[in-house]
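4 protein chains.
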Amino acid sequence: MIEAGIIGGAGYTGLELLRLLLMHPHVEISVVTSRRYRGRKISDVNPHLERFTELEYEDVETREIADRCDVVFLAVPHGSAMDYVPELLHAGTRVIDLSADYRLDRAEYERVYGRRHRDPEMEKRNAVYGLTELHPEVADATLVANPGCYPTGAVLAAAPVVNSGMVSRVVFDAKSGISGAGAEPSEKSHYPNLAENIIPYEVTAHRHVAEMRKELPLPHPKVSFTPHVIPAIRGILTTAHLFLAEEVAYSHSYTELESEVEAVYEQFYSGKRFIRLIKRMPSLGAVRSTNFCDIWFKVEENGERIVVISAIDNLVKGGSGQAIQNMNLMFGLEESAGLWHPGLVP
Amino acid sequence: MIEAGIIGGAGYTGLELLRLLLMHPHVEISVVTSRRYRGRKISDVNPHLERFTELEYEDVETREIADRCDVVFLAVPHGSAMDYVPELLHAGTRVIDLSADYRLDRAEYERVYGRRHRDPEMEKRNAVYGLTELHPEVADATLVANPGCYPTGAVLAAAPVVNSGMVSRVVFDAKSGISGAGAEPSEKSHYPNLAENIIPYEVTAHRHVAEMRKELPLPHPKVSFTPHVIPAIRGILTTAHLFLAEEVAYSHSYTELESEVEAVYEQFYSGKRFIRLIKRMPSLGAVRSTNFCDIWFKVEENGERIVVISAIDNLVKGGSGQAIQNMNLMFGLEESAGLWHPGLVP
Amino acid sequence: MIEAGIIGGAGYTGLELLRLLLMHPHVEISVVTSRRYRGRKISDVNPHLERFTELEYEDVETREIADRCDVVFLAVPHGSAMDYVPELLHAGTRVIDLSADYRLDRAEYERVYGRRHRDPEMEKRNAVYGLTELHPEVADATLVANPGCYPTGAVLAAAPVVNSGMVSRVVFDAKSGISGAGAEPSEKSHYPNLAENIIPYEVTAHRHVAEMRKELPLPHPKVSFTPHVIPAIRGILTTAHLFLAEEVAYSHSYTELESEVEAVYEQFYSGKRFIRLIKRMPSLGAVRSTNFCDIWFKVEENGERIVVISAIDNLVKGGSGQAIQNMNLMFGLEESAGLWHPGLVP
Amino acid sequence: MIEAGIIGGAGYTGLELLRLLLMHPHVEISVVTSRRYRGRKISDVNPHLERFTELEYEDVETREIADRCDVVFLAVPHGSAMDYVPELLHAGTRVIDLSADYRLDRAEYERVYGRRHRDPEMEKRNAVYGLTELHPEVADATLVANPGCYPTGAVLAAAPVVNSGMVSRVVFDAKSGISGAGAEPSEKSHYPNLAENIIPYEVTAHRHVAEMRKELPLPHPKVSFTPHVIPAIRGILTTAHLFLAEEVAYSHSYTELESEVEAVYEQFYSGKRFIRLIKRMPSLGAVRSTNFCDIWFKVEENGERIVVISAIDNLVKGGSGQAIQNMNLMFGLEESAGLWHPGLVP
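Residue numbers (the numbering used here), protein chains in the order written: chain A, 1 to 346; chain B, 1001 to 1346; chain C, 2001 to 2346; chain D, 3001 to 3346.
For reference, chain A alone in the conformation it holds in the complex (with noise of 0.2 Å):
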């Protein structure tokens, strides 16, 4: 058995490993620390865990989590995370950070984030970023910079036809459920304000958008993305606007460019567990609880724009779940071990 860590266990992210963890064939959970919650147990907390585990929430020093586990979870805020990552790994420890700080190069990180980075050596951490679908290297890593749930979406949907050169303008439009912005009470998450409401934020600098120029080959700015908040707990779907390059565009018919995007995606995605190529359109609850990301697109029939739907569940695929696809991955296991079940539809 795998011993897993998870630093964070309280939040949206952390309850998620836990509830995943928790089944996985593989792994036992051995440590959970939550500062406002320690010593108490897990499932007083919550109660949807109860007969599941009979842990504390623990506060502990790193070393002794290092100590006690094979593999570390952060679930932290950004910004934290690289307080924790150079005495794990020291300590031989694997580590997947849920958070943003390995996700880019540090003046990138330094310019989106605001913030220095911490870590003298992130340059040598060689971080993979946990978007295995498009970095199989992830399988060798010792840290995984897990990506962010927006992002996920985004990329896996754009990714085939943007690496084919196909496309010179990308404009994601992408709708998320409410627990991306965490079990804290706030302003956006007050229902009587969400409710019979769709909330714009961060509409032309959310600072997701850094990881998708980095995953897309465009030139920059030529990636575009606005972020939404949807009436709905779980669930990220992506519209993405996808611009052909003129000579693709006007050297194609309608047929061809079908046909040919199709391939693009059914070759990209040959093999890939967790990616859907579906016939009919993608919904939020066909992925909820799931670690999949359904992708369907369509041709407009001027031939100058595809569209592009992707469907994830913003704490599996886009958090939770992408990570343990990863912890899977590093430690040679079935890449669907303990993530594999249908969706909760209806």
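No false leads were slipped in.
Dumping the calculated SDA-like pairs for lysine to any residue here, alpha-carbon to alpha-carbon at most 20 Å: (1) D/3222 x D/3108; (2) C/2188 x D/3188; (3) C/2279 x A/56; (4) C/2188 x D/3011; (5) C/2041 x A/277; (6) A/41 x C/2281; (7) A/41 x A/22; (8) C/2279 x A/55; (9) C/2222 x C/2163; (10) B/1222 x C/2301; (11) B/1298 x C/2222.
Simulated from the structure, these hints should not be mistaken for lab results.
Since the structure of chain A is already known, use the hints to place chains B, C and D on it.
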């Protein structure tokens, strides 16, 4: 024009007073207070009021408010209203208190709300309980204790048959939109906690039961009450399970009972502008944004129970609308002035 | 492996059986019927099942189904199940009927459902009412009448204190997600009708009350029941207002009552895997996608009423999950096989 | 008083006309038609209108309707309106058509709607496109083609900068409440399908794009449009991604661009009563039940894109309210008559 003031104009009750009074044909709003937003334009804080008022939130002495107003609405928390009432009344201003401070007698208030009542003259104020369908003496009041939202829906549902002596036990099971919990984000109003859920709370001991028992002359404690919050913004649907007194249940045929109950309701609410006895199941939509209380009832086939369903908008008939209805009567206006429009359906 | 068949595999009950049985470690699904979708791949009709089954919907003779199955789940409308049961049992196949056809005795069934029961041998079938927490004889059954969703939540909430003789009247006020109304669009499931609303229906005469009265040995008609649909997909929260018998209420102190009620529940549900007596208010989230029934109770301060709140997922413990729980017991498997995972929170 | 008729008074558009016209100070409703409900009291079918009208639904000849009305609102499906318009206009009745039948020229209509236009004189009718903020000639019209809901939100968001020549490409990503799909239950409006989801549809080919392209003078096909249905009853939030022409983007500093864009909007909408350029993010609540279009914009930091967010109530400014606004202008009334009230917040 009636000069009206609102003390506490930034919460949902105050905002609803603003929404309605700004359109009232005989009212001019002269002062709106808020400590938090003092000095800011009301419409900057609340964009839906843009173009409807140029007023700013103020934070002024009670005496000055009295000078500038014919009537003052108190939209402050329980326990605060009693700090304003004496001075306002002393200055000759009429007061409509939307808090609980003058709804019960002193002893009951202190027992239920667990605090001392600081107005030494409270009994002499002759506050009238502002459920005007049962208390037409509102018209002569200088101080109105505007009813709680739950008692409004519950008492209106049950009063006719309770007053007729037919009923020996009442169980109110109420379902409220979350706006009743106010504008401040909280655990209960956190979207992921309320969506796809329904939250019972204070299931045996909600303070509003005291008002219900006062208004429904059944031997204590034959009135039971359990509230729930539903995933909705506005509205209270009350399911009243009324158990017939044995002598009634067994001395009438089902058809006789049905006719008698119908006659009792028709007579009790004859001429009441805001009570609609409807033939179809009430819905929160049909009363949304209105001052109506829609009522429907059915005698159980075994002749033992009457189920009465009432629907109100908790912020209108359950709060600010009822307050304005009371104001209309106190000032000799048409009862429905500023309150007469259909529900927002769909 | 147990070979299982599902008759009626395209409705919500059938889909939920599929979702759960496809992951069951000891079950292989051998046939799924649907007249409407005959010949179509199940995963084409239901994209959330993509990659989990290659089966097609079939429309075959009952006899053939019996030949191919060790157990058959009937997920057909009330009144249709009785057309399959005789032949399936005759062929030696075990049957779990999720319809109402074998839950009541003949006379009661014909009275409540307003139709003749066409199985001449219905009484001899010895159908066991599949609320296994009350009916452990499920283990020896060949025909299980799987309980209705409302009776499951209601009976589990009230049975301990009713059986203890403490209670003289029960009022169930139940709130259900709309998935209980099925996969076909209807007036009630029309989004603008249900959102921002709560819909009472069949308020005095829902057919499920017959099951409740059968399972709760109180003098008829002391069990009242009123259902509502809430704006939620899954889950039933039942508010049980239990009135103590006078001799109980007045012969105990409040503290004694509290202790006694707690003891009654603890003892009644001792060792029951899927009943959780929890200290915090139940939520539909904590049981979402699970077979648990979470129960919480509080004695009213005046010693007259106990309010019990139960929460289930209507499609799992209130339907398909309970059916699988019954199958597990009938085949000597671990009761929780294929059913053991935490609720989907948030 | 203006005598007004509604043809098609049982759908959401017709009901919204009723809700608003019943309160209009200068209108008397003289006839409301519905084949389905002919002869039934309007308020029996729609309890929210109880006490507001004693009218019955009728099913009468067009000629008679013309005789009884000064203006007729056509709230019938696309393709039906053209059967009423000729006779109504011939009789001298003014017509406001809420269908698409007179919004486009004949060729475009027949291409987009895939049906022949049966009014041989359609071109001579001189229908005015009723987006009065862009088409003040509405005041002189006898036939108004009331705009589609999506084009209203989209065109109002983009028109100022498109008309100024600053923009070379427009991507509208719109999110609508489900009431736009009408009162009939459907797969899309089925609560379990829409709740906890967001549904893209007709992602490259929604018919409303034709209106947008007509109103926004960009070289075809530089206007892209993708609609989604969100889990909400009312409202459309449009996210307009406007890409600046290269010569504009690179010849201005960011600050210059910001000022210029602001000036363009301020000037374009100067004096428009129902357009509010607001400083905070628009919400569907702030416009709920109103005829306002709230608009907010932000220039992207890299100077390439302007994101404009507009919010309307799809049934009011996106339909029946705009129709009444047009009526007001056609009859020389105050533009806001019967339409002036704050949004329903919360």
